[in-house]
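Okay, here's what each chain looks like letter by letter:
There are 2 protein chains.
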Amino acid sequence: MTAKQEQTAITPTRAQDYPEWYQQVIRAADLAETSPVRGCMVIKPWGFSLWENIRAALDRMFRETGHVNAYFPLFIPLSFLEKEAEHVEGFAKECAVVTHHRLEAGPDGKLVPAGELEEPLVVRPTSETIIGATYAKWVQSYRDLPLLINQWANVVRWEMRTRLFLRTTEFLWQEGHTAHETKQEAWDETVRMLEVYRKFAHDYMAMPVIAGEKTPCQRFPGAVNTFCIEAMMQDRKALQAGTSHFLGQNFAKASEIIFQNRAGEREFAWTTSWGVSTRLIGGILMTHGDDNGMVMPPRLAPSHVVILPILRSDSDRAAVLAYCEELAAALRAAQYDGAPVRVELDARDQNAGEKSWQWIKKGIPVRVEVGPRDIASNSVFVGRRDKAPRERYGQNRAEFVAGIGALLEDIQNSLFAKADAFRAENTVDIGGMDDFRAFFTPANAGKPEIHGGFARAHWCGGAECENSVTNELSVTIRCVPSGEADETGKCVVCGSPSPRRVIFAKAY
Amino acid sequence: MTAKQEQTAITPTRAQDYPEWYQQVIRAADLAETSPVRGCMVIKPWGFSLWENIRAALDRMFRETGHVNAYFPLFIPLSFLEKEAEHVEGFAKECAVVTHHRLEAGPDGKLVPAGELEEPLVVRPTSETIIGATYAKWVQSYRDLPLLINQWANVVRWEMRTRLFLRTTEFLWQEGHTAHETKQEAWDETVRMLEVYRKFAHDYMAMPVIAGEKTPCQRFPGAVNTFCIEAMMQDRKALQAGTSHFLGQNFAKASEIIFQNRAGEREFAWTTSWGVSTRLIGGILMTHGDDNGMVMPPRLAPSHVVILPILRSDSDRAAVLAYCEELAAALRAAQYDGAPVRVELDARDQNAGEKSWQWIKKGIPVRVEVGPRDIASNSVFVGRRDKAPRERYGQNRAEFVAGIGALLEDIQNSLFAKADAFRAENTVDIGGMDDFRAFFTPANAGKPEIHGGFARAHWCGGAECENSVTNELSVTIRCVPSGEADETGKCVVCGSPSPRRVIFAKAY
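Sequences listed follow chains A and B, in order. 1 is the number of the first residue of the first sequence in this note's numbering; add one for each residue after it. 1 is the number of the first residue of the second sequence in this note's numbering; add one for each residue after it.
Only chain A is shown next, with the shape it has when bound in the complex (with noise of 0.2 Å):
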C-alpha cells in the first residue's frame, strides 16, 4: 500500500465489506441491537429518540393534512383476514399467530399452552382488515365520509432472513387509513400522501427519493395501484421507504364498508392506505453513515449539538465545567426547525479524544471542544459531522451560538446536496440489454458492494421482461417514476414499444 490509510472508526470500512459496516454503525452509534426473540429488535434509547423525532414530524405533517390519530386492536381473527383473497395469500406465510390463552403444567410438570381459542388470532401484519371491520360500522352515509386515520403501531411479519431495522420480524410504523365516497377523493389521498412522504424525505432525512408507480407484480396484495418512494443507499441498491396505496373497492367489499351515497343509493366507499416503518433508519443510516459511523441528520437528530469540556487539571475544572454549561444555556436558547437545539454536556472522566470519538460514531452533528484556552480567548472549537473528524476550527462563541441554526440548517443542506450528487453519478440511462448486464454486473468480483445502481430503461409494460431481469441478474423494477414526460423507446428486454423509463435496480 502506497497512499497512507486513514484510519476510520468502523471496521470493516463500506468499501471492504458494506453489509458488515451496517451492522457495526448500529452497534457504535448505540442504535439497536438483536434480542433474544427471533427476529425482533431491542431499539436502544437513542436510536429510538431518532424514531420519536421522525414520528413527531410525520405526525405534524398528517395532521396538516387532515388525519387524525386512532387506536385498532393487534390481533386479527384468521376469518377477517380471508375476507380478501390476495391479501391472505400475501401474508399467509409470516403470521404470528395466537392459539391459546393460558399456562398451564404439563405432564411433565413444564408450563405448555392451554385454553386453545376457537378461532387463532394473527397478530396484526397490517390493519386494512380489521379497520375496515370498523368502518363498516361507523359509515352509513357519505355524510361520514371521508374517514382520515391514522394509527401509530407494532406489527410483526415473520421474517426467515431479519437484519436490524430493514428487516424485522417486529417493527414500529405508521399505518394511515382513509375511505371516500368517490374513487377521485381517494385517488388523491394517496397521491398526496405519496408526496407527504417524498417531502419528509427530502426535507427531514435529507435523503432523495424518486416518487413512483410499483408495476402490478409488486403491488400490495389486495390493492388497486401501489405508489412508493425509492431511495438509492451508498452501495447503490434501492430501499424502498415508503408506500402509499389505492384501494378501489377492494378492501370496502371485503369488509363491506357500504354507504348511502348522494343520490341515495348503496355504494361500496374508496379506501387508501399508506405508511412507513422504522425502516426508515436504516435508511438514513445507509445515506448518510460513513467510515467513522451514523451521521444524523440535523432536523431529525436526538441532539444536536456536544460540549465536550477538556479537563486537563482539577485547577481548571471548575471554571471549564461553568462555561460549558452557560454555554449549553445559551444554545438550549437559540432555535432550530421550530423549536429548541437540543444539546449534550458530556461531562464524564474520560479522555476527550476517546468521548469525541463515541460522539462522531453516534452521528451528532456539531461537536463543541472547550478548554481553558477557549475560555481564555472566549471561543469555542468546533467539528461539524458532515466534515472530516480533525477539520475543526475555533470560533467566537457569541458567534458560534448566534449561528447554530444556520450551521445545523448549513449541515442539514450539505448531506442532502452530497446524497443527491451521488445518486445522480450512479444513475444512468440504459438502452440496451447488453449496457443493462454490465451495469448491474460486478466489474470486479472481489467488490460486492458494487450493485450498478439506478438504472432509468424503456419496459414493455410486460410481466415476463420483468421477471426475466430479476431471475437473471436480481433486478427488479423499482417504480415508474410519478410527473416524467412520457418519451417512447423500445423495451429493454425484449424491444417492444414502451411509453416510458422505469427505474431498475438491485433493491433491500
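It is possible that part of the hints are untrue.
Said to hold, decoys possible - Below are the SDA-like pairs computed for lysine to any residue, each with C-alpha atoms no more than 25 Å apart in a straight line:
hint : chain 1 : residue 1 : chain 2 : residue 2
1    : B       : Lys110    : A       : Ser79
2    : A       : Lys110    : B       : Thr99
3    : B       : Lys83     : A       : Ala114
4    : A       : Lys355    : B       : Trp138
5    : A       : Lys83     : B       : Glu104
6    : B       : Lys110    : A       : Glu89
7    : A       : Lys355    : B       : Glu104
8    : A       : Lys361    : B       : Arg143
9    : A       : Lys253    : B       : Lys110
10   : B       : Lys355    : A       : Asp144
11   : B       : Lys355    : B       : Pro372
12   : A       : Lys137    : B       : Arg143
13   : A       : Lys93     : B       : Glu119
14   : B       : Lys137    : A       : Thr11
15   : A       : Lys110    : B       : Glu118
None of these hints come from the bench; they were simulated from the model.
Starting from the known structure of chain A, arrange chain B on it as the hints suggest.
For chain B alone, kept in the frame of chain A given last:
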C-alpha cells in the same frame, strides 16, 4: 313523580345504573368501542387524543426525572417468563400464546396455523423478564448503572370479564424499568415515580389520589413492595390508577443482571418497575363525568374550546363565520399550560342546540356560541362544562380571549375541588366491625351503585383478617397510606393491636 325531572343527555343516569352510565358516556363522547376481537377495544380519535395528551405530560415528567425511552420486543419466550416463579404464576392464566408462524391450507382447504414454534412466545403482559435479559447484557460494572428506561407499549392480559378502558385484553401503557447499584437508590426511585404519578393525577387529571403501599397479598407478582395511587370514583369504589414496584434483587437474580460493585465484587442489581395505562381514561371519566356525559380536565382535554356559529339565515352566514374564524385565531394565539389553546370551530350545517349537546357529551371544557347579535355587541356567549348546560353568560370578546387561560385553569381547579370534596365526604374513620359492615352494605338494595366509600380502619397486618372482609363484603385493603403519622389502635376485624389505619374499599 312530583318534582320536575331535569332532562339529562345520558340515559341511564349515574344514580339509575352506574355501570351502564359508564358505557353510555363512552359511547356518547365517542371515546372508544368494543372491537370484533374479544376483549380488545378500538380507541376512537377523541379518546385517543386524550391518551396522547396523557402520554405527552407523563413523558415530560419522566424525562425531567432522568428517564429515556426505548423499545423492547412484543414477544417473550416462555422460558423467560418462567425464570421468576411468582411472576409466571401471576400471569400464566391470562397469556396470549403464539405457537405458529404461518398459515397454510388445511385438509378442507381452509387456512390453519402451521410452522409450529420450537418454543411458544407469550405476547408481553409486562416486560420485566425480556427487559431483564437485555439489561443483563448491558450491565457489567457499577459505572453502567443506573439504567433509567421507559417504554410506551401495548400489552395483553387475557381477561374474561372486560370493560372498556378499565379492563381490556389489550391495553396501552408505559412501563418504566430501572436498575440500580444499591438498594437505597432503587427504593428512592420506586418512591420518586409513585410521587410522579400522584402529582400527575392531581395536577393533570384533577383526580385526588391516596398514595400508599399494597399489602403482601396485592403485590405485583415477583415484587418485594408494591406502591400505588388509589382514586375514588363517583360510585365510591376505588380505582387503582398507577403502581410502582420495588423489585429488590428478585428479577436481577432471575435474569442474571450482575455487576461489579465499587468493592470489586459481583453483585445483583436492584431493580424497579412502574406503570400506568389507558385505564386512566376510565378514571377521568368516573371522577368527573356527569349525567350529561364526559367532562375533560382542561390540561388533558383533546380540545379546550369549541366555537359554535349560530347560522339562522344565509345572509348572516359569511359574517358569522368570519367572526368565528377570527375568534378561533385569537384563541389559538393564546396560551394555556405552556402551549397554544386548542380550538374547534364546528361549522357543520346542523342545529346549533344539537351541536352544543354533542360537545357537552364529549366533555369539552368551554363552549362559545356566536350569533349575529353577539357580533353586533362584539361579544360571545360562553358555557363551561363544569357548570349546568343552561348556566351560560355573555362576555366581551376581547375579555374572553384575554381570560381564556385563567378560565381553563379555573375549570381545572374546580374539577379537582369537587372531586376532592366528594372523596372527603365519603371517607370515614371506622372503629368496629358492625359499623364497617353497615358502611359497606347498601341500605337500599335497589341502589346497587352505593359502595360505601373509603373506610379508614385499623388492621393488624394479618392476611386472615384481610381475606375475611374480602370474602364477606368484597372489600379489599386498597393501601397503607404513605406519609401518615402512626396511630395505634385495634384491628377492625380481630381486635389485635395495629400500628396505623389503612384504606378499605370496594374496587375496580
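Outcome of the hint check:
Pair hint Lys110 (chain B) plus Ser79 (chain A) holds up; C-alpha atoms about 10 Å apart against a cutoff of 25 Å. Between Lys110 (chain A) and Thr99 (chain B) the alpha-carbon distance is near 16 Å, which keeps this suggested pair within the 25 Å criterion. With a C-alpha separation of about 19 Å, the suggested pairing of Lys83 (chain B) with Ala114 (chain A) holds against the 25 Å cut-off. Note on Lys355 (chain A) and Trp138 (chain B): the hinted pairing holds, with a Cα-Cα distance of about 19 Å set against a maximum of 25 Å.
With a C-alpha separation of about 15 Å, the suggested pairing of Lys83 (chain A) with Glu104 (chain B) holds against the 25 Å cut-off. For the given pair, Lys110 (chain B) sits about 12 Å from Glu89 (chain A) by alpha-carbon distance, which is consistent with the 25 Å threshold. Taking the CA atoms of Lys355 (chain A) and Glu104 (chain B), the gap is near 53 Å; set against the 25 Å cutoff, the hint is violated. The suggested pairing of Lys361 (chain A) with Arg143 (chain B) holds, with an alpha-carbon distance near 21 Å, which does not exceed 25 Å.
Restraint check for Lys253 (chain A) and Lys110 (chain B): the C-alpha separation of about 20 Å stays at or below 25 Å, so the hint holds. Restraint check for Lys355 (chain B) and Asp144 (chain A): the C-alpha separation of about 16 Å stays at or below 25 Å, so the hint holds. The suggested pairing of Lys355 (chain B) with Pro372 (chain B) holds, with an alpha-carbon distance near 18 Å, which does not exceed 25 Å. A threshold of 25 Å between alpha carbons decides the hint, and for Lys137 (chain A) with Arg143 (chain B) the separation of about 55 Å lies outside it, so the pair is violated.
Our distance criterion of 25 Å between C-alpha atoms is met by Lys93 (chain A) and Glu119 (chain B), whose separation comes to about 19 Å. Taking the CA atoms of Lys137 (chain B) and Thr11 (chain A), the gap is near 22 Å; set against the 25 Å cutoff, the hint holds. The straight-line distance between the Cα atoms of Lys110 (chain A) and Glu118 (chain B) is roughly 14 Å, inside the 25 Å bound, and the hint therefore holds.
Consistency with the previously given hints fails for numbers 7 and 12, ordered from lowest to highest.
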